[in-house]
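Enquirer: The listed protein sequences correspond, in order, to chains A and B.
Residue numbering for the first sequence follows this note's numbering, starting at 22 and increasing by one per position.
Residue numbering for the second sequence follows this note's numbering, starting at 22 and increasing by one per position.
Worth double-checking, as some hints may not be accurate.
[Unchecked claim] Chain B is faced by these chain A residues, among others (derived, beta-carbon under 10 Å):
1) Ala378
2) Glu449
3) Val487
4) Lys490
5) Cys496
Simulated from the structure, these hints should not be mistaken for laboratory data.
Using N, Cα and C, we set each Cβ at its ideal position, and we do this for glycine too.
There are 2 protein chains.
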Amino acid sequence: MPDYQAPLRDLRFVMDEMLDYPGHYARLPNGDDASPDVVAAILEEGGRFAREVLLPLNQSGDREGCLLEGGEVKAPRGFKAAYAQYVEGGWPSLSAEPEHGGQGLPASLGMALSEMICASNLAWGMYPGLSHGAADALRHHGSDEQRATYLTKLVEGVWTGTMCLTEPHCGTDLGLIKTRAVPTDDSAYTISGTKIFISAGEHDLAENIVHLVLAKLPDAPEGSRGISLFVVPKYLPDVDGNPGERNGVSCGSLEHKMGIHGNATCVMNFDGAKGFLIGPPNKGLACMFTMMNVARIGVGIQGLGLMEASFQNSLAYARDRLQMRALSGPKAADKPADPIIVHPDVRRMLLTQKALAEGGRMLVMYTAQLVDVTEHGEDAAERERAETLLGLLTPIVKAFLTELGFEATNEGVQVFGGHGFIQEWGMEQFVRDARITRLYEGTTGIQALDLLGRKVLMSQGETLKVFTKEIHKFCQAQADNAELKEFVEPLAKLNAEWGELTMSVGMKAMEDREEVGAASVDYLLYSGYVTLAYLWARAAGTAQQALASGESESAFYRAKQDTARFYFQRLLPRTRGHAQMIRAGGASLMAMSAEDFGLGFEI
Amino acid sequence: MPDYQAPLRDLRFVMDEMLDYPGHYARLPNGDDASPDVVAAILEEGGRFAREVLLPLNQSGDREGCLLEGGEVKAPRGFKAAYAQYVEGGWPSLSAEPEHGGQGLPASLGMALSEMICASNLAWGMYPGLSHGAADALRHHGSDEQRATYLTKLVEGVWTGTMCLTEPHCGTDLGLIKTRAVPTDDSAYTISGTKIFISAGEHDLAENIVHLVLAKLPDAPEGSRGISLFVVPKYLPDVDGNPGERNGVSCGSLEHKMGIHGNATCVMNFDGAKGFLIGPPNKGLACMFTMMNVARIGVGIQGLGLMEASFQNSLAYARDRLQMRALSGPKAADKPADPIIVHPDVRRMLLTQKALAEGGRMLVMYTAQLVDVTEHGEDAAERERAETLLGLLTPIVKAFLTELGFEATNEGVQVFGGHGFIQEWGMEQFVRDARITRLYEGTTGIQALDLLGRKVLMSQGETLKVFTKEIHKFCQAQADNAELKEFVEPLAKLNAEWGELTMSVGMKAMEDREEVGAASVDYLLYSGYVTLAYLWARAAGTAQQALASGESESAFYRAKQDTARFYFQRLLPRTRGHAQMIRAGGASLMAMSAEDFGLGFEI
């Protein structure tokens, strides 16, 4: 069975040493309670919960899956008890507002914990995971009464939430939804329709489930301008706020999926269910994006968690498994063969996982600071800047970390050789679980359009400039630092090229809008690699300072520098291909007619 | 359920128009029967068998898996009947020698058919698939008596074969095997030990199973120089050559795997089983490589088949699924949204699958001609040249087509969005099935070492030169062809760079052997992309000629040119990253100590 330990030392490096979280929390109005000691204690306790409670249920949950019987869904054995422990421990409310029962700690802390949950048991993590987005939508767009009714329950974890968007014929294109909401006498609505792919849509972990549902009013305009958001509880709360009458929403069936078997992915039937409008009529899409952005970063963290889990286990295997001698001569002469970690290509795979997981952690915790500031920053200009950067980085966090998360978990399988394909070892589960992260909450293609089309080009590149300026400043500040030259020089070049590529796509797109879609995924991956290069260069700088100041853990800091070097030499060159493909433009994509694609096999 | 049609038109293009198979067969002594009509009829019939018999069992086989009961393994429902039909139709013996009951057709024809089998049902295809390698080993290294006893049965498909190499503690490093072979009075051996990952090790499709087993003699030298090869039948043949007494070999358990559920992957226990030595004592590794090379190309073909199957189904979905409007304006104004094939990024994914599948087919059929010549070529120099090229291309076919096959099947999932993750659609099965191809018969890392270390550098680059010279000649011959310039110019540059990169690694490797392993996988991928570029450039030339000569199917040939253009503009630039990573050398891989890898999470 795979093992997992929360990467506490690395988190301390990222949070305390590199990104100055103590200073960051000190500047936040809700940061008082987040003293270094408290943060350390929470992270350690969270790591223990992940390892001791969630990890042992990960493989069994995958094997058992969920069971639908008589309309009730049973999560795999142990999931319910673990959830009770989670609620009991106060974990769901950690970073929620005190006025709704939360502990008021910064959101970033919850994000650091989220990585541990995803790493130890992704399928389980998705039961509480969706509640955050639902709570956020209610907090921002719900009426006082709705907040009073649902928010505390969601925050405490007594109830869980869902996002009911997708229908059989539409996922990306929500303007096509058919679910209807008809007003009734009592200022409520009757909701009818079918939603699919509803994660944690029905289960036995919590006493009630709060569905947030997109539907159309009878007089709604066509397309995405005619979508409204409703709250539809599984049990209608009674006068005391407790689960009362059963509502007309039920699970029609469970999907059979490639992975995350332990999570109930439901077809949800709304048969005249009672629902309540959230926010203004026909403005549901905006409300939904409140949930969606939270969820997207959450999915990026899933990618990160799976990278780390896979890395830790392939590392253990590579140290243990004896096979062949090093090409340069035996390294463990007393054993029948050398441990495979001596082989450069095995190291390449391990370092790929390590550089991506540690770099991904920097990206997530960098983004988490932006989330904190957008939520609680006291300076308006700082808040606006954080909003801008968060908008830019959200699709990168989501798509880059899940694309690379899939790659990293596959490297984990590859390190195991044939054993990686065998379920017992658990490495292939990471791959199957990771596969969904490239798809849900908007595929990589959709994230790429959001990044290049909406965020970068619609702002005439201004959004991007906020970030490239920051990188430029860093490069300038370190220009005379001889030891960092190997990082700062290529970073500065890439940073300039990023702007040029953006301009060149922007020019082409003015002639032909399709050029945006033609460049978008390569652009997103390029952006991801440059972003991580910036963070790895900073990490190398932090490590340099620590070593210079005579910090005791010199091996740790040297490993950081080595990993940065690996990233720059053996991963960052991928930008060369992406840059060339972006420059190639879309002509070669658009030439063929839809019919001609199949001429090789269609008779 | 996924559909599949054999790509007969494309095969005709590759075989008849591009690679002059009619001329190739006319030059082969065993090519007389392979007239264009016969070839076309066989391919068509094979495509029908794949589609009508194998395809309907692919998803059900995945769901059911195999069953071990009382030592007997039951393949999924329908597999046995399909195999009987396969034997009845004479398919197993198609390209086997007439003296052993074969039909004597060239091996290349069997390889073209093999793609169809892998595309329609990989798990089923592995029951007969392993027999080829076993037969080849017996043909080349068996005694007359062994050939008489086993070969005809294997060729006819009445019995199937296995390759029993891997043991729990060793796969790549076969020098470590523990299985023992003790001579007995009657010139036989008693085989004892445990083998794992034995594909089709036990099943109910054939009346007997012929295991080819690596084991060590009592006085064997240490390591890989002390390995011998044995034939160990499940039932010992009686005096009439029919299955007689049950031998002491049995299936201990079935592996639970990520994919190819329909194939029985067995732990095989040899408890004093009777075995017979093949070839000289302690020379088993050489005999095994006879099987292995056949099997490696076979696995490359598996990658190809899965690409094609995934491509066909994602194409159908992309034409059918309506979602969003094209950025440049509605393309299907009469429908609620445009089919997703209008979107450039969806086209990028489809064209990636298409360019890799069609390019992969060119590579396989190019390699297949080399196989034909090595087996039956009448000119010694030509045969030697074919041997050399085949040695060079085998690891590329194996590793490049499986790495890219995994990517292509994942693109297929991605085109389906969330539906791609749902088992019912069948797209995720292609991914799970494809995952093993990167691992078995030597991982990608092992293939890469074989290519760069054994094939290229051990020959001082001479092996590579045979191929780059051919590419160079092509480029020179086409130098004045203005229409091909967009392909020939970059190809010529890459071809020269390939030599330079090889030289630079070779120089570094003289200082430090680890540089080979540090560069190997990037080198293999680089080599694969250049090889496919050569073939795509040739294909573009063939299409150009056909269009110039006024061939009627102009849409087909233009689509070929468009796909070539896509390959050069949107896939080939990946070589930029690989070249840079090769040049970066191994220092960044070797710096960290095995202990320091885990400092971020180990306490």
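Enquirer: Each of the hints needs a verdict: does it hold here or not?
Expert: Results for each hint:
no.: 1; hint: Ala378; verdict: holds, 8 Å
no.: 2; hint: Glu449; verdict: holds, 4 Å
no.: 3; hint: Val487; verdict: violated, 25 Å
no.: 4; hint: Lys490; verdict: violated, 27 Å
no.: 5; hint: Cys496; verdict: violated, 21 Å
The earlier numbered hints that this structure contradicts are 3, 4, 5.
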